[in-house]
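Chains as they are written, first to last, in our numbering: chain S, 4 to 305; chain Y, 1325 to 1616; chain P, 583 to 933.
Simulated from the structure, these hints should not be mistaken for laboratory data.
There's no promise every hint is true.
What the hints assert, rightly or not - Straight-line distance between alpha carbons at most 27 Å, and here's what the computed BS3-like set of lysine-lysine pairs gives:
| id | chain 1 | residue 1 | chain 2 | residue 2 |
| --- | --- | --- | --- | --- |
| 1 | P | K849 | Y | K1344 |
| 2 | P | K849 | Y | K1390 |
| 3 | Y | K1456 | P | K849 |
| 4 | Y | K1526 | Y | K1434 |
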Amino acid sequence: MTSLTQPETATVTARGPKSGREAMWGEVRAGVLRLLGNPLATIGLVIIGLLILIAIFAPVIAPFDPVAQSLSRALQPPSDVHWFGTDEYGRDIFSRVIYGSRITLYIVFLVTITVSPIGLLIGTVAGYFGGWIDAVLMRITDIFLSFPSLILALAFVAVLGPSLQNAILAIALTNWPSIARLARAETLTVRNSDYVAAAKLQGASAARIILRQIVPMCMSSVIVRSTLNMAGVILTAAGLGFLGLGAQPPTPEWGAMTSTGRRYMLDYWWLVTTPGLAIVIVSLAFNLFGDGLRDVLDSRSE
Amino acid sequence: MSSTPAPNSPPGAPLLSIRKLNVSFGRGPHPVRAVRDVSFAVGQEKVAIVGESGSGKSTVGRSILKLLPRTARIEAEEMRFRDIDILAADENTMLGVRGRRISMILQDPKYSLNPVMTVGEQIAEAYRVHHKASRQEARERALAMLDAVRIRNPEYVFEQYPHQISGGMGQRVMIAAMLIPDPQLLIADEPTSALDVTIRLKVLAILDDLVSARGLGLIFITHDLNLVRSFCDRVIIMYAGRVVEELRAADLDRAQHPYTRGLLASLPMLGQRRERLPVLQRDPAWLAADGG
Amino acid sequence: MALVVANRNRARRRGLGLVGVLRTLASYAVTLCGLLVLTFFIGRIMPVDPVTAVVGIEADREAYMRVYYQLGLDQPVYVQFWRYITTIASGDLGNAFLTGRPVIQDIARVFPATVELATAAIIVGAGLGVPLGVWAAASRGRLVDQVVRFITLTGYATPIFWLAMMALLIFYGWLGWVGGGGRLEIYYEGIVPVRTGFITIDSILAGEWEIFRSVLRHLVLPATLLGYNSMAYITRMTRSFMLDQLNQEYIITARVKGLSQRDVLWKHAFRNIRVQLVTIVALAYGGLLEGAVLIETVFAWPGFGQYLTNNLMAGDMNAAMGCVLLVGIIFISLNLISDLLYQVFDPRTRP
């Protein structure tokens, strides 16, 4: 007959947090630990970290100039000198893949930087004010959502002219609706809570309320969504590059590399394999990391 | 506190006997022990398991049918229904036990009935799982069962969907579905808690009649002590996963354990004026196991 | 996908019956209008001068102005928009610069190939995806579940055009198991009389079994790849729906009755998600349009996607915008159909 004199309790800290700031850091620490405890998410994070490092140190890592042509050395299979082989202009594919990481990061970064604030703004404004503002904004969002994102991006780039900048713009234009919708949904749940009412009674302007009360509540889901979206951005960018509508040659964008290599693919497989693999790995990494973030930040999800 | 020298044994041969049942959830350093060293037996009688939320009473019910999630660990010295060793039984054996020998009524028909099947279908299905029968025959039997639970127009109700019938009717459908395969033991997990007070007694009466008429054993799980006083033969009180007292329903007023006395004292009763309703004072000593 | 969820929540709140259906239709009609505005606007910022596109660069001023007025370019914007809508409503998407034929005709010619591909793909995607999703949900947390999640994750994360190229390389270039680009071997083209536009059906109707086999050999790889893409989505949603159901109380009731695990899964849980699945499959079908554009380019499949990309490359804006508009309309229609299906078939919305 075992006896238990006290019910088991979770480990309790010896003293509670002393301030709001301390509490917040405590939560961040706990979140980070949980995230790292998830092996898949950690792998994703590591890969992303590697990507950033590779992009920063590209000139050091890449053995050759990515745009230097050397027709005498064209279409050579992978070897000790050219780890990934050479393409139809004799350029070292390994170096091009390395430099391509810069382009990928550039695209992801720019798109996320532009899309998140705009989506947040539109979503929170729509959710907060309701009424016809909401109806109009949501209608616009619906319209953008009524296209598969690649097709819409295609249309924009085609019209604006193929270039890296236009591709980024087009992708941004197709990405903001999901963030806006999410922000709006979050705003709607928060809008009627007591602390918002209290702020209103204190005379806070709508802008202040939105910025300081509502946006922080949306942040975690928006961050998760943005991270998951990054994987999609990479794929869309690669797709545009593949169709020749993104970065123009000789820029070593991974999607464009698979496109130009396609002509020679059947006999020279190395032209398309490695750039595509790079896309897969990076996209997977963002997916895994985003999933892990979601488990940590968004307890609602399964 | 040892239970009073009250009959822990049922009249006649027991249908179900449980000895030292322990159920814990979750792995890792601190599994939650939901049921600790619970022992009791049930014969052809009505036994109530009474306790508050979290006392482990529902878990006991579900572990008898081995319907706990995969994270649960069941350990016991004995878990036996008639000649079937439930503890050692594999899933195949349990498939033959569930419904056919032991059945269970759940709490809220709003959630416990399949929303996209007609209620008649759900009753008929319960029959066809254990007996080979044509759709026609199963339907006849289901209609007869609907009649037995005093539903006035069985043919009409047969075709209804769960969201189209009232709570009381839904619970009667539940009873019908659980009794149609002819089990010997019925577990009722808070069968009236989700019902209107006015309907409760009616449904209980139906349950009472059917259980008596068929000579079933009944395990009635509830938090409502008042309900079981008149309805059940014996009462088992659970607290924090343990059995703290076991006695005849008639002897309730002579309960010994302070928890039971506390429960009884805090029941509001018509005709008894009191300034304040006493609040249960919990003694951590109750969480400790004693002999017995 | 998000579009349908939003509308579905609106529909749920509105309620049931004919009123709900009409309101859904009205809602989609408004979105359609917005779509037209968007495509009109995109068309307006084209760097290509529509007049020059018609008359050519060497045309003299008189011809230029004639066409200018003819195209209504002197009118205020809203008048032009009205013309735009009315011409589209009459089915006129303008003429393709390259072929000179009406765009609508070109599209009608190439569309069946894409439909054939998409349908084959959805059969693969749903046929594999649904059982996998059910299986994964039933074995939640265990090895099968993890494996399935990994498969769907890679399906998500892999760029479909690259996977297509790899598959073509391996299965055609190295192993020779399947046919190469295009729908048929070249020497088979034009033999089978075009009746439905679907060579699979047409060749059976004509009794040309050789050709049928050739078509299958060419269809299997792109269809499987596209199917894999949609399978990722379908499996994930099926798993999610099933998990939601398996958490419900009625599942315990079913178990109490003594039903086997298989019956519990399929006769109870699955029955509750059937309608949702149909809507998912409809949405996945729409999502295939996106993949089709890329796959058709890799496999030189003469369908709608390739038509679109060729026009974009060549700068034929009329045709390209016509295609884009059509894609939008199809997507909206599929969303609408799945939304309506959901409202009509959910027994909880019946009075």
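Hint check, failures only: 1
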